[in-house]
Structure formats: C-alpha cells, structure tokens
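Visitor: Reconstruct the complex from the two isolated chains, following the hints.
These protein sequence lines map, in sequence, to chains A and B.
Residue 462 in our numbering sits at position 462 of the first sequence, and the numbers go up by one each step.
Residue 45 in our numbering sits at position 45 of the second sequence, and the numbers go up by one each step.
A portion of the hints provided could be inaccurate.
Stated by the list, open to error - So, partial list: chain B residues that the calculated Cβ filter (under 7 Å) puts toward chain A:
#, residue
1, 14
2, 23
3, 26
Unchecked claim - Okay, derived cross-link-like pairs now, DSBU-like style, lysine-lysine, Cα gap no bigger than 30 Å in a straight line:
#, chain 1, residue 1, chain 2, residue 2
4, A, 119, B, 44
5, B, 44, A, 495
6, B, 62, A, 201
7, B, 55, A, 201
8, A, 119, B, 55
9, A, 363, A, 314
10, A, 230, B, 16
11, A, 502, B, 31
12, B, 44, A, 471
13, B, 54, A, 483
14, B, 30, A, 495
15, A, 483, B, 49
16, A, 586, B, 44
17, A, 230, B, 44
18, B, 62, A, 225
19, B, 16, A, 342
20, A, 495, B, 49
21, A, 489, B, 16
22, A, 516, B, 62
23, B, 55, A, 209
24, B, 54, A, 502
25, B, 31, A, 201
26, B, 31, A, 483
27, A, 471, B, 54
28, B, 16, A, 205
29, B, 30, A, 489
30, A, 49, B, 54
31, A, 471, B, 55
32, A, 402, B, 16
33, A, 205, B, 31
34, A, 230, B, 49
35, B, 31, A, 586
36, B, 16, A, 541
37, A, 119, B, 49
38, B, 16, A, 638
39, B, 44, A, 483
Bear in mind the hints are in silico, worked out from the structure with no lab data behind them.
Here a beta-carbon is modelled for each residue, glycine too, at the ideal position from N, C-alpha and C.
Spelled out, the chains give:
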Amino acid sequence: MIFHELRLSNFLVFPGEQSISIPTKNEGNMVVILAPNNTGKTSIIRALKFLLYGHLAGAASSFEHKLLNDSAKSTTAIGGALSGWVEATIERDGEMRCIRRTITAKKGSSDTWRTAEMKLEEIKRGHSTVFVPDGGTLQRELRRLVPEMLFDAFYFQGEPLKGELLGDVGSIRKSLNAFLHEDRWEAAEQAAEAAREYYAKERLKAGGKDVEYRAKLEEEELLKKLLSQKREELRDTQAHLSEAIAEFDETTQALQELGKPAEADRLLGERNAANLQFDLAKRGRMQAEAELARLVGSSNGIAFVLSALPKAQKILGKMQADNILPADVTEGFVDRVLAQPKCVCGRDHDSQTRLAWNNYKTKTLSADLSRDLSDLLDSIGGSGRQSYVIRARQLAGTLAEKRSARAKSIVNEQKFSAAVRDADERLNAFPVEEVRSMSLRLSKVAAERQRLGGSLQQVEIAIRTTENGCKRVAEEIRRLAPKGANSGKLDQLKKAQDRSEKLRQLIHDSRAQLNKAFHLILQASVASYYDGSAYDGSSAKINPYTLLPAVEVNGEVRKNLGGGQSQLLALAYIVSLARLRKSLHKEMQRLGVGLGKLDDQSFLLDSPFDKMTETYAVKIAEFLKGNARQIVLLLARKQWEMVRGSIEPSADRIYAFDYHTLPEKIATLALDDFVYEVEGKRVSLLHKLPATDQHPHTTIVELV
Amino acid sequence: MPPISDSELNIEGIQKLLQEEEINMQNLFKKVLNFYVSNDAVRKTDDEKLDLLKKAIDESLK
Chain A
1 MIFHELRLSN
11 FLVFPGEQSI
21 SIPTKNEGNM
31 VVILAPNNTG
41 KTSIIRALKF
51 LLYGHLAGAA
61 SSFEHKLLND
71 SAKSTTAIGG
81 ALSGWVEATI
91 ERDGEMRCIR
101 RTITAKKGSS
111 DTWRTAEMKL
121 EEIKRGHSTV
131 FVPDGGTLQR
141 ELRRLVPEML
151 FDAFYFQGEP
161 LKGELLGDVG
171 SIRKSLNAFL
181 HEDRWEAAEQ
191 AAEAAREYYA
201 KERLKAGGKD
211 VEYRAKLEEE
221 ELLKKLLSQK
231 REELRDTQAH
241 LSEAIAEFDE
251 TTQALQELGK
261 PAEADRLLGE
271 RNAANLQFDL
281 AKRGRMQAEA
291 ELARLVGSSN
301 GIAFVLSALP
311 KAQKILGKMQ
321 ADNILPADVT
331 EGFVDRVLAQ
341 PKCVCGRDHD
351 SQTRLAWNNY
361 KTKTLSADLS
371 RDLSDLLDSI
381 GGSGRQSYVI
391 RARQLAGTLA
401 EKRSARAKSI
411 VNEQKFSAAV
421 RDADERLNAF
431 PVEEVRSMSL
441 RLSKVAAERQ
451 RLGGSLQQVE
461 IAIRTTENGC
471 KRVAEEIRRL
481 APKGANSGKL
491 DQLKKAQDRS
501 EKLRQLIHDS
511 RAQLNKAFHL
521 ILQASVASYY
531 DGSAYDGSSA
541 KINPYTLLPA
551 VEVNGEVRKN
561 LGGGQSQLLA
571 LAYIVSLARL
581 RKSLHKEMQR
591 LGVGLGKLDD
601 QSFLLDSPFD
611 KMTETYAVKI
621 AEFLKGNARQ
631 IVLLLARKQW
641 EMVRGSIEPS
651 ADRIYAFDYH
661 TLPEKIATLA
671 LDDFVYEVEG
681 KRVSLLHKLP
691 ATDQHPHTTI
701 VELV
Chain B
1 MPPISDSELN
11 IEGIQKLLQE
21 EEINMQNLFK
31 KVLNFYVSND
41 AVRKTDDEKL
51 DLLKKAIDES
61 LK
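Same shape as in the complex, but just chain B (with noise of 0.2 Å):
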C-alpha cells in the first residue's frame, strides 16, 4: 500500500484566505503565529506572547 505522501497536506485554503490580506496583515498573521505556534512558543508564558501580539498589532499598523 503506498504511503501518504509529504506533500499531500494541502494548505492551500490558507494560502488563500492570506492572498485576499494586504501585506502587513499576511505579515502580522505569520508573526503571531512564530510567537504561538512554533518551537519558541513553550519558552515564553502567556503574558509575555500578549505583549508581543499587541506590539505586533501597533507595528503594522504604521
């Protein structure tokens, strides 16, 4: 039986919904999800990812 592949997961969905977002949302998006989703997210408590969406929410919209 064959395998699943690695590229089959498709996000293309997101992709999509990020393409109808200007640029400094696609960019908030891809930030405020490094802070809660990746790696580095369990070496930070809650309060601190806060403060670095909030900042990340004045940035853009500069």
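Bound-form chain A, shown alone (with noise of 0.2 Å):
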C-alpha cells in the first residue's frame, strides 16, 4: 500500500487541516520529516493506526474524544459538536483510493466530552463528493493489506524490532501468512479437504442400508486419512533429514577446514620431539666445553708456552753446538779456578776450597744433569714421543675436534630450539576448543540423521501397508457397491471425493513449493544487506519453517544484539519482505491468480537511527535510499545531524514540525534541539504561541 497524500484534521497535536504529501514517481521515494522530540511524530503513527484499524492507542474505547486536538476542543462551544479525522490517499492496485475514519464527539461542558459517532468511510470525488460507509469490506481490506501485527515493523515508532520479528513468535508468524496470503492458501487447502469430507458423506448416505458396505465405505475413508497423515510426516521427515544431511556436510567441511583432532595430538608430538632433540644437542655442546676446558686444563700450559719454545730450543740448541752446556763450562772453568794460587772469592785455595770446587764440578758433571738436559733439547727438538711439539699437536688435535663438535651442539640447539618455537605457534594458533566442539556437533548431527533415517524407514513401510489396505477396501467397496440406479451416482461421488483429495494434495505441495522460494529469496535478499554492514562478522540467517530473520556467527545463533545490528536487521527483513510480496503478486498474475498488479510497501520510520552508533546510522541509511517505493522519515535533530549528509541529496522532500507553545514552557526546552541545518539554512522549529491561544500545538510546514 502507498501513500499518495495523508491529512489530518483536528486530529492528537494537529488543529485544524493539516497535510503531507508524499512523492510515488520514483521507484525510491523519501520524504524527511524534522520533528523535535514531543512534537508529534509519535502523532503521526498513531494517526495511521487510527486510519487502518480504528486503533485508539491510549485512549480507551468511549474515549475516543481524547484524540480530539485540545485547541479545537477548547474553542467549541458547551453543546456543539467536534469532528477529527485521519484521511489518506492510498494507492492500491493502480487504483487511487481515499479513505477517512472520523470521530465525532459533543461537549458537555468546558471539560467534559462525550463520543458520538466514530465511522470508517471511502470518499468518491468526482462531480461530487461522496462519503460510502463501510459494511466490513474495507476494514477486512485494509487488514489484509497491512496486518495488524506487522504494522509496527512497517510504520515503527522508534524502538529496534527486537522481541516481536527477531525471533520465533507466533503472533508475527500468523502475520507473516497473512501478508503473504499463506493463510488463504491454507484455507484453500482446507476447504479442499472439507469437500472431500462432504462426498465420503455423501457416499455413505447414497449406499443405503447396506452395513457392510457403509463399514467398508468408512474403513476407506480412516485409511486414507492416516495415509494421507503417513505421506505428511514422510515429507516432514525427508525433509528434517536433507536438512540433517546437509548439516552433516557443512559441519564435516568446516571441521577440515579447521583441523582434524588429530592434528593436535600430531603438532604436540612434534613439539616433543624437537624438545628432546634440543636437550640433546644442549647437552652435547655443554659436555663439548667441560671436555675443552678439562684438556686445556690438563695441558700443563703446554699450548701457551709452546709459542716460547721455539726460542727456547734455539737457545738450547746453540749452547749445545757451542759446547757451552753447563757439564762444558763447568769443568773447564773449575780446573781453571783451581789452576789459580786463589779462589774466586780472594782466600787462598786450600783442601777446603779445592774439595768444594771438586764436588760442584762432580755435581755440574752428572751424567743425570746432562741427560736431563738432553732430555730437555730432545723434548724440545719435537722428534720423540714425548716431545712438547708433538704433545702440542696432539693436544691442538683433540681440541680442535671438540671444538668442533661444541660448534655442531650449537647449532643443533639453535635449529631445535626454533622447531620448539615453530611448533609452539602451530599449537597456539590450532583452534582445539572449536574443533572439539564442532567434532561434538558433527556426532550429534550423525546421530540424528541415522534416527531420520531409520523414521524414514519405518514411516515408508507403513504407508505402504497402507496403500495395500487401501487397495483392499477399494476392491471390496467394488465388490460390495449396490447395482442399480444408484451405482452411477455413488461412482460420481467416488470421483468428486478423488478429485477433491487430489485438488488437496496438489494445494498442499504447492504451498510447500511456495515456502522453499520465498525462503530462498527472503535469505538471499536479508543476506545481501546485512551481511556486508554488519561488523562482527555475523550473517543473517531465515529459519526455513518461520521465516524469521536471525543472526548467526559460526553456526551459532546470537541472541544479544547491539542496537544497530537488530535495526539493520530488522529493518533489511521487512524491505525484502515487502519486495518478496510483490513478486508475489506477480508470479500469481502468470498463474492466473487475481491477486492484483501493483503492490508496494510504504514505510513511515519514527527515529529509525536512535540508539546506535553512527556509522551503523549512515550504514542504515544508505541502505534505506532506493530500497523501497516510499519511505517516511521523522527524525529529532542529533539523528538528522548524523545521517543528513546521506540523506538530504536524496530526499524528495523535506516536511518540519513547527511547535508553538507557552512562552514560560519554552524555558524549560532544550533550544538547540529545534534549530535544524537544511540546505544551508538554519530553520528554527520553536514558535511562541499568543496569548490569546493556550494549547501547545504543532503545523506541518514544507520546507523543501
């Protein structure tokens, strides 16, 4: 249903006639409404749900008068009567229609009203004005063109659709088959069955007095109910098992893409191993260097004094070859002092003196002395097996291979220790918890899917035991039928009962073709406007059964959802859901289904933006642009403020609430709260009122 123009008069905030008018020639149409807090969009909603369904929203029934706008009221006189109404040019199936729903009330004194007369009415203009009554059929119709239930996600007033369409309710439900006439295709099908049920009647009737055939004519009709129930739950059940089936892929293709269980225990071993490995050669680079340090140790110094030896055996080796070893110089030089009358220290030689240079000259002669001494050129002179050189080589040989395999130790701990790293972080990053709780799905979903089977098993037998008794009663019922006159009729009946039987079956899977499409279009379409704003990286989910709007992330469905998240949400479902129904309407014109042409959906959003963020804001409201025929905005001013730069480009026009009140009544307002910024232009909305008016009231002024 579209809004060309809606009017109001003395109507809530509203004296006098007052009216909006709304684009339709575009295939995207948005008007904008400012309206500061309190100054009537709420008015405006609950205007409409006066119009469609006689709602009175607060004010209870025999009271319908306080809908009556108090500044009217107040200048009606003691006696007189007072009419409000909500009028509305709608168009429906490319036909322009105005309707009016009015209430009328009499005063009784200057606070006392009584309500006289509250009426729904169509308007004729043509020549003249005409005002038809309504028997019923246009309530009924209007009902059906906006349910009742659903008003609230197409004309919402302000609060994210949280309980109501997020979730399984089954109010919501029963709307939802009226607005996508699920519910006369239901009824089709019934009344299918009920004339079913009336030829078995009148089959039992027409085969007169005869008790065994009426007994065989109602064992019939019992088998074919529970055959026809048997075939239900057989569909339920394929259905319940390609649905366990297909979970059963899913899950097994996520848990491969997550990791096998073992996988894990795989990465741990490894982790282990390479442990062990860097122990190992840790242990061997510290043996390596006791072993360096005890061989460095034990050389007596040998490696650092062998850089003197070279000099050393020079020395050595010249004294030798210059006979000047101390065995030489000793002898010579004793028999020399001794030749002298004196000794070296000035005394006269005498026995004591000669017999002392006689013992050092023994002593310096040792054949141990001078061995020693050789033994010390030969040690020297590198040629024997003991000697310093060899010892040396020997030495620098044995460390050079430990320092040698310290160096490979090294490197080993160091290669070990990055695959303990390495293996570390593959541990970290293996995400044990999901795949132990997907492995825990994946058996449940085995486990359900050999249960449907086994119940398709079972279910499949019983309906053929089924059809074979039906068979059976079928030949006797033959074999039984009364011959006569009445054996044309009562075959006539038969074939009525068949046809309505099959008429039921073909309605019934029909609907069942129906729900699979309007499931597939509802989640691609939700899915494709929600699912690339929203930030957790969740996606919108419809349950095939309800087809109802959720959220999901990994499998899971999240039921605490952020303001911005279950508005985009919500709002996503109920523009697909408007598109869907006029599909709809489309595909039954081809089948041959009057269920007329043109059948869009209007929206009227009281402060779509509030509470949520402002990127979710804009988000919302690019998404909004162009996605249906006609939407109404009634935005506050931080809300304009945050989507006015998506929003005032496309706005086909822009509507203010003027709001006229007491002076002392404007001290107390936010001031800043009705000054708004429109093309450039600051417009203020706060007007104040003359002293000869008492009632704060609000005037829909055009702006753009």
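Guide: Written as structure tokens, this is what we have:
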C-alpha cells in the first residue's frame, strides 16, 4: 500500500486541517519530516494506526474524543459537536482510493466530552464528493494490506524491532501468513478437504442400508486419512533428513578447514620430539665445553708455552753446538779456578776450597743433569714421543675436534630451539576448542541423521501397508457396491471425492514449494543487505519454517544484538518482505490468480537511527535509499545531524513540525533541539504562542 | 547493495506440479486459488466459497 497524501483534521497535536504529500513517481521516494521530540512524531504513527484499524492507542473505548485536538476542543461551544479525522489517499492495484476515519464528539461542559460517533468511509471525489460508509469489506481489506501485527514493522515508533520480529513468536508468524497470503492458501487446502469429507459423507448416504458396504466406506475413509497423515510425516521426515545431511556435510567441511583433532596430537608430538633433540644438543654442547676446559687445564700450559719453545729450543741448541752447556762450562771453569793460587772469592786455595770446587765439578758434570738437559733438548726438539711439539700437536688436534663437536651442538641447539618455537606457535594457533565443539556437533548431527533415516524407513513401510490396505478396501467396496440406479451416483461421488483429495494434495504441495521459494528469496535478500554491513562477521539467517530472521556467528544463533545491528537486520528483513510480496503478486498473476498488479509497501519510520552509532546509522540510511518505493523518516535533530550527509541530497521532500508553545514552557526546553540545518540554512522550529491561545500544538510546514 | 529483483521469486516448483496434472485439474486448481487467494476472496463468505469449490469440482469431472 502506497500513500499519496496523508491529511489530518483536529487530530491529537494537529489543529485544523493539515497534510503531508508524499511523492510516488520514482522507484524509490523518500520524505523526511524534521520533528523535535514531543512535537508529534508518535502522533503521526498513531494517526495511521487509527485510520487503518480504528486503533485508539491510549484512549480507551468511549474516550475516543481524547484523540481530538485540545485547541479545537477549547474553541467549541458547550453543547456543540467537533469532528476530527485522519484521511489518506492510497494507491492500490493501480487505483487511487481515498479513505477517512472520523470521530465526532459532543461537548457537555467546559471539560467534559462524549464520543458520539466513529466511522470509516471511502470518499469518492468526482463531480461531487460522496462518502461511502464501510460495511466491513473496506476494514477487512485494510487489515489484509497491512496486518496489524506487522504494522509496527512498517510504521515503527522509534524502538528497534527485537523481540517481535527477531524471534519465533507465534503472533508475528500469523501476521506473516496473512502478509504473504499463506493463510488464504491454507484456507483453500482446508476447503478442498472439507469438500472431500462432504463427498465421503454423501457416498455413505447413497450407500443405502447395506451395513457391510457402509462399514467398508468408513474403513476406506480412515485408511485414506491415515495415508494422508503418513505421507505428510514422510515429507517432514525427508525435509528434516535433508537438513541433517546438509548440516552434516557443512560441519564436516568446516571441521576439515579447522583441522582434525588428531592434528593437535601430531603437533604436540612434533613439539616434544623437537624439544628432546634440543635437550640432546644442549647436553652435547655442555659436554664439549667441559671437555675443552679439561683438556686446556690438563695441558700444563703446553699450548701457552708452546710459542716460547722455539726460542728456548734455539738457545739451548746454540749452547749445545758451542759446547757451553753446564757440563762443558763447569769442567773447564773449575780447572781454571783450581789452577789459580786464589779462589774466586779471593782466599788462597786450600784443601777445603779444592774439595768444594771438585764437588761442584762432579755435580755439574753429573750424567743425570746432562741426561736431563739432553732430554729437555729432545723434548724441545720434537722428535721423541713425549716431545712438547708432538704433545702440543696432539692437544691441538683434540681441541679442534672438541671445538667442532661444540659448534655442531650449538647449530643443533639453535635448530631445534627454532623447531620448538614453531611447533608452539602452530599449537597456539590451532583452534582446539572449536575443533572439539565442532566434533561434538558432528556426532550429534550424525546420530540425528541416523535416527531420521530409521524413521524414514518405518514411515515408508507404514505407507506401503496402508496403501495396500486402501487397495484391498477399494476392491471390497467395488464388490459390495449397490447395483442399479444408485450405482451411477455413487460412481460420480467417488470421482468427486478423489478429485477433492487430489486437489487438496496439489494445493498442499504447492504451498510447500511456495514456502521454499520464499525462504530462498528472503535469505538471499536479507543477507545481501545485512552481511556486508555487520562489523562482527555475523550473517543473517532466515528460518526455513518460520521465515523469521536471526543472526548467526559460526553457526550459532546470537541472542543479544546491539541497537544498530538489530535495527539493520529488522529493516533489511521488512524491506525484503515487502519486495517479496510484490514479486509474489506478479508471479501469481502469471499463474492466473488475481492478486492485483501493484502492491508496493510504504515505510514510515519514527526515529530509526536512535540508540546506535553514527557508523551504523549511516549504513542504514544508505541502505534505505532506493530500496523501497516509499519511505518517510521522522527525525529529531541529533539523528538528522548523523545522517544528513547521506539523506539530504536524496530526499524528495522535507517537511518540518513547527512547535507552538507557551512562553514559560520555552524556557524549560533545550532550544538547540529545535534548530535544524537544512540546505545550508538554520531553521528554528520553536514558536511562541500568542496570549490568546493556551494550547501547544504543531503545524506541518514544507521546507523543501 | 543490489535490491531484490522482482523476477527472482521462482514458482517453477508449482508450475512443475501443475504440468504433471491433466488440463481439467490445472484449471480447477487455478479456479480454486482465485476463489480463496485472490483479492475477491474477502468479498465472499466461507460457505459461498465452499459452494463455488464444489461446483468447480463437479464441472471439472464433466
């Protein structure tokens, strides 16, 4: 249903006659109403609800006059009557229609009123204006156009749709049934069943008094009902089994992508092996270092003095060559000293000094000392097995071996330390918990699949048994059927009964196909709007049985959604729903079912950007543009500022609610809330009432 | 984001079901949907619609 114009007269905060005209020429039309809080945004929604359903919203029955404007009431004379109404020009099936709902009340005293009348009329304007009262048909039609339970979705009042739409709530499902005409299909199926039962009863009547024949007819009826139930059960089981198989495949795939449980064990094994190798390498290094230290320690400094040996070797060698080793030096030296009359100390030689000198000569000429010196020369000379050079060379060789072993150990230590770190990183990255929970889910789904497979077999057996029973009874009925005049009638009734049954089945199967098609379309459409905009990687999912939306993350339904997120989902859903219905009408027309040609849905959204971040607000504003034939947004200043950049260039018309109030009231208001920037100009929507008027009210002004 | 295309609702499933039926059954099905699903449905009572349905069944058997 599309609105062309909405008109109000003396209704709630709107005195006199005021109107909002809504363009409809484009595929997407947007009207913005700039309305500070408490100036009439909710009143517009209430007006629509009143028009469509006679809903009184806060005014109890017999107090309908409370919906009339206070200003207008104050100027009505006592004993006089006042009418207030809401009227709309709507487009329906290519035709323009004008409907009005009116309240008329009588003023008893200055503060008492009595509702005299409330009526719904269609206004036909031609050469003259005719008001056609509604006998009930118009009201039923309005309820079909927008089921009351869905009204809040299409014309919502500032609260994100959480509980009602985003969940499996029976009453919303019933409204969806009406919106997508599923209730009418159900009525057709039930009617076909009612026709079948009618023909079955007629056959019983026409069967006459033959008890056995009548009993067989009743038995056939029972068997056919049972067969129908079992076939329904078979279809349900098949559908559930398909889902279980699909879920099994999906979960298997997901598990393969995450990694198998054995993978974690393998990584752990790898890590432990690398750790063992690292310990071995470390131990090897430490051993090599200890060995090196021991070798250097036990070398008696050979390695360090080896550099001095060549010099010592040279000196001793020269001394040997010059025969001036101690032995040589001592004998000649002592003989020369003894040949002198005095000793080197200056004393005259006597027997004691000669003895001392001879002992000295004996000592220094000792073979041991000479041998020792020769040995030392040999050692230094490096030809003997115990020579320092040989020993130093051997030590150097051993040291080199040990250093090489140490270096190898260090390389291995580093290599296996890196392997341990790598295995640790991979282990940390491995989603152990996710894999565990996914494996559990897979087991459950596998068990369910098996159970359903078993149930399917049982139902198939039951169907075969019942079909055989039906054949047997049909044969018995043919045998027992009365002959003569009645047989023709009985035959005709049987054919009609069979045809009704076939019709019922055809309608039933077509409903299932339709539901499947609805699900596919809604899923694709809602996901295309929602998935790309949600920050948390969640995705929209439509329940295939209820057709209601939910949000899923990693296959789990998320219950608590943020304001922006749930609003985005709700709006994506209702826009998709409206377009689906339009598409449904077109397809039904092609099928030859007269559902009407044009059935766009309008949306009137009061404060749709409340309680969300600016980023979500802008995303929703962008999404709303061009995605519905008619959108009317009612926005307080803060919301306007958030989305102005997105919406102002696209708005086909901008209205404002000018608020007129008492001077003393103005002092209590946040004045900034009444100042809007529109097309580069600052506009104030707050006005002082003249002294003669004591009733705050709102006037609708067209700004752009 | 691309809006849902109006031609995307696919009722091929229903058309396939109808094609498997004889022409009388197909016509009966469409008639019944017009009695119950079309816009005219709100203008008739349940009893009126059931009578129309039975008449349509009888005619389809001729």
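Visitor: If a hint holds in the structure, say so; if it does not, say that too.
Guide: Comparing the hints with the structure gives:
1. 14: Residue 14 of chain B check passes; min Cβ-Cβ to chain A is 5 Å, inside 7 Å.
2. 23: violated (13 Å)
3. 26: At about 9 Å, which exceeds the 7 Å cut-off, the nearest Cβ of chain A leaves the hint on residue 26 of chain B violated.
4. A:119 x B:44: holds (23 Å)
5. B:44 x A:495: holds (27 Å)
6. B:62 x A:201: Holds. Residue 62 of chain B to residue 201 of chain A sits at ~21 Å (cutoff 30 Å).
7. B:55 x A:201: Holds. Residue 55 of chain B to residue 201 of chain A sits at ~17 Å (cutoff 30 Å).
8. A:119 x B:55: violated (38 Å)
9. A:363 x A:314: Holds, at about 25 Å.
10. A:230 x B:16: Measuring from Cα to Cα gives roughly 23 Å; hence the hint holds.
11. A:502 x B:31: holds (15 Å)
12. B:44 x A:471: Not OK: residue 44 of chain B and residue 471 of chain A at ~39 Å, beyond 30 Å, violated.
13. B:54 x A:483: Holds: residue 54 of chain B and residue 483 of chain A sit about 26 Å apart, inside 30 Å.
14. B:30 x A:495: Distance ~19 Å between residue 30 of chain B and residue 495 of chain A Cα, so the pair holds.
15. A:483 x B:49: violated (34 Å)
16. A:586 x B:44: holds (23 Å)
17. A:230 x B:44: violated (34 Å)
18. B:62 x A:225: Holds, at about 27 Å.
19. B:16 x A:342: Outside the cut-off at roughly 149 Å; violated.
20. A:495 x B:49: holds (21 Å)
21. A:489 x B:16: Violated, at roughly 34 Å.
22. A:516 x B:62: Violated - the C-alpha atoms of residue 62 of chain B and residue 516 of chain A are around 35 Å apart, more than 30 Å.
23. B:55 x A:209: holds (28 Å)
24. B:54 x A:502: holds (14 Å)
25. B:31 x A:201: holds (24 Å)
26. B:31 x A:483: Since the Cα atoms of residue 31 of chain B and residue 483 of chain A sit roughly 35 Å apart, the hinted pair is violated (cutoff 30 Å).
27. A:471 x B:54: Roughly 26 Å separates the two Cα atoms, so the pair holds.
28. B:16 x A:205: This hinted pair is violated, its Cα atoms lying about 38 Å apart.
29. B:30 x A:489: holds (27 Å)
30. A:49 x B:54: Answer violated: residue 49 of chain A to residue 54 of chain B is near 39 Å, above 30 Å.
31. A:471 x B:55: Holds: residue 471 of chain A and residue 55 of chain B sit about 28 Å apart, inside 30 Å.
32. A:402 x B:16: Violated. Residue 402 of chain A to residue 16 of chain B sits at ~87 Å, over the 30 Å cutoff.
33. A:205 x B:31: Holds. Residue 205 of chain A to residue 31 of chain B sits at ~29 Å (cutoff 30 Å).
34. A:230 x B:49: holds (29 Å)
35. B:31 x A:586: Status holds; Cα separation ~17 Å.
36. B:16 x A:541: holds (28 Å)
37. A:119 x B:49: The given pair, whose Cα atoms are some 29 Å apart, holds under the 30 Å limit.
38. B:16 x A:638: violated (54 Å)
39. B:44 x A:483: violated (40 Å)
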